[in-house]
Amino acid sequence: MSGPVVSLTPQEYKTEEHPIWCPGCGDFGVLASLYQSLSALNILPKDLTVISGIGCSGRTPGFVKSYGFHVVHGRVLPVSLGVKAANPKLTVIGVGGDGDGFAIGGGHLPHASRRNPDMTYIIMDNAVYGLTKGQYSPTSPTGYQAGSTPYGNTEQPLNPLAMTIAYGATFVGQGYSGKPKELTQLINRAIEHKGFAFLNVISPCITFNNTYKVIPAKLKEVPADHDVTNQAKAFELALQNDVVQLGVLYQVRKPTFEEGMHQVITKAQAASPPRLDEIFSEFS
Amino acid sequence: MVDCVFRIGGEGGEGVISTGELMTIALARAGFEIYTFRTYPAEIKGGHANYQVRVADKLLLSQGDHVDVLMAFNEEAYQKHAKDVPKGGVIIYDSDSFSVPPSDHHILYPIPLTSLATEKIGIKLTKNIISLGVLAALFDVPFEKFAGLLKDRFKKKGDAVVQKNLQALQVGVDYVKSMQKRDSIRIGSGPRTAKELVLSGNESLALGAIAAGCRLYAGYPITPATDIMEFLAKELPKIGGYVIQTEDEISAIGCVLGASFAGTKAMTATSGPGFSLMTEMIGLAVVAEIPAVIVDVQRVGPSTGMPTKTEQGDLYLAVYGGHGNCPRIVMALNNVEDCFYGIQRAFNLAEEFQMPVIVLSDQYLGHRKATVPPPDLAKVPIISRRKPTPDELQKGYRRYKSTPDFISPMSMPGMEGGGYVAEGLEHDEVGYPAASDHENHLKLTQKRYGKFIEVEQVSNEMCRIHGDEHPEIAVIGWGSSEGVIREAVQMAKEKGISAGALHPKILYPLPLARIRDFISGTKAVIIPEVNYTGQFATLLRKRFAYDFIQLNKCVGLPFTPKEILDKIEEVAANVRTSRQPHATRV
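Protein sequences appear in the order of chains A and B. Note that the numbering used here gives residue 45 to position 45 of the first sequence, counting from 1, and the numbers run on in steps of one. Note that the numbering used here gives residue 4 to position 4 of the second sequence, counting from 1, and the numbers run on in steps of one.
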């Protein structure tokens with residue numbers, strides 16, 4: 001089935017399944033930028049795996065021509081790791097919301113960050129549980145009032161950028177669904193990054209937590225002279241109060257999970273030929 | 001005829017287990033069948049440990065009912081185990097550690113192991129090797145088997161270490177020359193000349209997984225399953241595979257499903273607590289129809305329970321764990337050799353039927369060692385999942401299309417035209433979500449359960465019968481109890497009782513036809529299980545209106561043959577006198 005490789009247009013990454021998102025949902029913007037990036041980087045659907053958890057953004061694999069895997073709540077990263085271990089050549093894009101990635105699945109994020117599989121993890125952060133109709137999420141502000149917090153949320157929101165920089169993710173960036181051109185460029189950089197690329201995308205929920213009016217005033221481009229390899233400076237940017245940083249805060253090259261895997265296999269095979277009967281003989 | 005049980009007991013972390021293992025391999029090399037049984041403390045260092053090895057010149061089916069020779073390194077070992085040594089049995093003990101009053105009941109050999117070690121070798125821990133010299137000389141196990149083994153074991157540590165160990169072995173041998181032998185046990189050399197492997201159940205299972213084509217293992221350390229991961233971490237990379245130690249068991253099964261989705265045969269192994277965590281994703285494997293092998297080396301539960309003790313308590317979880325209508329295959333492994341072939345069958349079933357296969361082992365089986373013939377790689381042909389044809393890929397591939405046998409061709413990333421979404425949501429034949437289509441849900445549920453028609457046939461084929469095929473007193477057991485039950489049935493038949501045992505390998509779906517045939521005409525059916533409530537008996541009662549007699553043991557230890565024989569005899573006597581049979585707890 002080989003032949004001349006013709007790149008697909010962004011439109012051609014669309015499937016027959018239509019997004020069920022509310023009109024005006026930020027996730028449409030993320031999806032459009034994703035189509036653009038896949039086309040720009042010429043990633044063929046057969047070599048693309050899109051893996052999602054549960055939530056509004058969890059439906060994404062169905063909308064992207066690819067091999068998709070819509071897993072259980074919070075387990076995007078473990079399943080992605082298994083896919084990469086099985087076939088390192090695949091482009092793996094994990095997608096999910098702030099609840100999926102930071103609440104129920106939050107325990108996997110430090111480990112994906114330190115293992116550094118060569119994949120992209122896009123969080124569509126709307127700071128709310130949209131699918132279950134508006135309960136507060138780990139990124140909802142203190143004071144947020146909804147069904148499960150009728151007297152106001154008394155907890156502190158977490159800071160996804162500071163958290164992943166601290167975890168040692170080798171790429172940490174943030175985008176906004178309302179700035180599609182910049183977002184496409186960010187997704188391009190994330191996919192092209194060799195290692196675990198964490199991309200937090202502010203993607204407002206028009207129905208339960210409409211932040212379209214407040215976000216634009218908080219947006220701030222990462223300074224052009226920022227040294228992305230400086231973890232302390234990246235941390236400083238991430239910790240700035242009441243600011244939504246846009247751009248890449250941190251990016252370093254470290255050995256990937258797949259490179260480590262390759263190294264172990266090479267080491268094991270140098271010591272012993274790859275034969276089953278050789279293994280048996282160790283036990284007599 | 002040789003059939004002798006040695007038990008070594010002492011403080012954990014002081015070499016009890018390694019002494020037992022050296023003894024085991026030396027006896028195997030001397031040409032005998034061996035069958036070990038070990039219990040060890042939950043403490044990392046300290047606590048009481050013991051290692052038992054039964055040695056015989058015939059096939060061994062169980063750990064035995066008593067101890068012929070006890071080697072007690074400390075008084076606790078003597079206090080705990082002397083009761084298992086019958087009258088006339090041998091007790092060897094470290095007379096530097098404690099003393100035993102003279103008795104007519106046991107043959108006592110006090111030996112100053114500690115002072116021999118410190119005075120003759122200068123290293124206290126060499127008392128373990130001295131004790132092996134004592135055992136070799138006293139029971140006439142060929143000295144060169146021990147000497148050769150010590151050379152193999154310690155050669156990496158250098159010649160000085162080898163010489164110290166050989167010297168210690170000789171100290172034990174020489175000491176025996178100064179004693180008078182008062183027992184009649186003689187081991188000598190065994191009948192077997194062909195080389196056999198000495199494997200634990202966990203090692204055998206791990207080797208079998210490699211042979212089955214498993215190339216990715218993901219797991220989280222948990223007793224008593226951890227050694228499967230450690231074994232594969234060393235061996236899998238040699239043939240291009242890999243082991244991931246994940247952050248928890250949820251992640252472990254996630255990796256397995258991801259890898260299998262991407263086309264690699266993958267497995268995880270755990271014990272009860274980890275298996276409990278995995279149940280949600282068992283459902284995902286069912287609905288998305290992804291082959292997966294999940295091994296549960298059972299230990300005592302619930303919760304943290306008794307991590308180093310054995311139980312058959314996870315059957316309900318294996319069969320019913322998870323929400324929704326959730327068909328999976330549940331298998332149980334029977335003995336060390338079966339771990340090798342059984343796990344290959346598990347992979348084959350997972351691949352063929354595209355569903356999770358849960359494989360139940362337990363601490364008793366996982367951690368005991370036995371001599372097994374070198375594995376026959378041709379015995380279980382490797383089966384891989386059905387893949388779409390080029391034609392199917394080109395003409396609108398439907399991942400979950402309906403077929404006469406309910407199995408749909410499964411594409412994998414990299415295949416042109418094979419893209420789909422493996423969906424945790426209820427979906428249609430293409431894979432598109434269909435969370436509001438009522439009729440479709442029934443149709444797809446029927447598809448997933450439809451596979452059971454053929455699995456049940458396999459289940460019927462994968463049963464073994466021991467003793468009479470149509471006995472008066474029947475036994476149906478599962479998992480690691482097979483050998484013990486088989487030995488008990490033999491003993492019962494020798495006593496003139498018409499007894500027979502059926503041992504299914506697949507517990508879910510049940511081999512209904514085979515069980516129906518086996519129990520028709522019997523006068524009583526006993527279900528022995530190492531759990532409190534009789535989980536297998538409950539499964540059977542759901543499908544058979546039969547008054548099964550339960551025999552349950554719930555003390556963290558496996559059955560002994562005599563416990564099952566006693567029940568068979570009691571039930572046989574009741575049947576003769578038409579008394580109502582009743583359940584027993586050992």
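Keep in mind the hints are simulated off the structure, nothing from the lab. Glycine residues also receive a C-beta, built at the ideal position from the N, C-alpha and C atoms. Please note: incorrect hints may appear among the correct ones.
Stated by the list, open to error - Once the Cα atoms are required to be at most 25 Å apart in a straight line, the calculated PhoX-like pairs of lysine-lysine come out as:
no., chain 1, residue 1, chain 2, residue 2
1, B, K401, A, K65
2, B, K542, B, K523
3, B, K156, A, K267
4, A, K267, B, K155
5, A, K267, B, K542
6, A, K65, B, K395
Claimed, not checked - Here are a few chain A residues that face chain B, going by a calculated C-beta distance under 8 Å:
no., residue
7, I43
8, G62
9, F69
10, V71
11, A268
Restraint satisfaction for V71 of chain A [CB to CB of chain B, less than 8 Å]
6 Å, holds
25 Å limit on alpha-carbon distance, applied to hinted pair K267 of chain A and K542 of chain B
The hint is violated at about 53 Å.
Supplied contact hint for A268 of chain A, tested at 8 Å Cβ to chain B:
Since chain B brings a Cβ to about 4 Å from A268 of chain A, closer than 8 Å, the hint holds.
Given hint K267 of chain A paired with K156 of chain B - CA-CA distance at most 25 Å:
Given that 25 Å is the threshold and the Cα spacing comes to 20 Å, the pair holds.
Checking hints one by one. Is F69 of chain A an interface residue toward chain B, by the C-beta closer than 8 Å rule?
5 Å, holds
Given pair status - K155 of chain B, K267 of chain A, alpha carbons within 25 Å
Roughly 23 Å between the alpha carbons, so the hint for K267 of chain A and K155 of chain B holds.
Could you grab the alpha-carbon distance between K542 of chain B and K523 of chain B and see if it respects the 25 Å cut-off?
Answer holds: K542 of chain B to K523 of chain B is near 20 Å, not above 25 Å.
Can you confirm whether the C-alpha distance between K65 of chain A and K395 of chain B stays at or below 25 Å?
Given that 25 Å is the threshold and the Cα spacing comes to 16 Å, the pair holds.
Can you confirm whether the C-alpha distance between K401 of chain B and K65 of chain A stays at or below 25 Å?
Status holds; Cα separation ~19 Å.
Once the shortest beta carbon distance from I43 of chain A to chain B is found, is it less than 8 Å?
12 Å, violated
Less than 8 Å between beta-carbons is the criterion; does G62 of chain A satisfy it with respect to chain B?
At 5 Å from the nearest chain B Cβ, G62 of chain A passes the 8 Å test, so the hint holds.
Against the hints set out earlier in the document, violations occur for numbers 5, 7.
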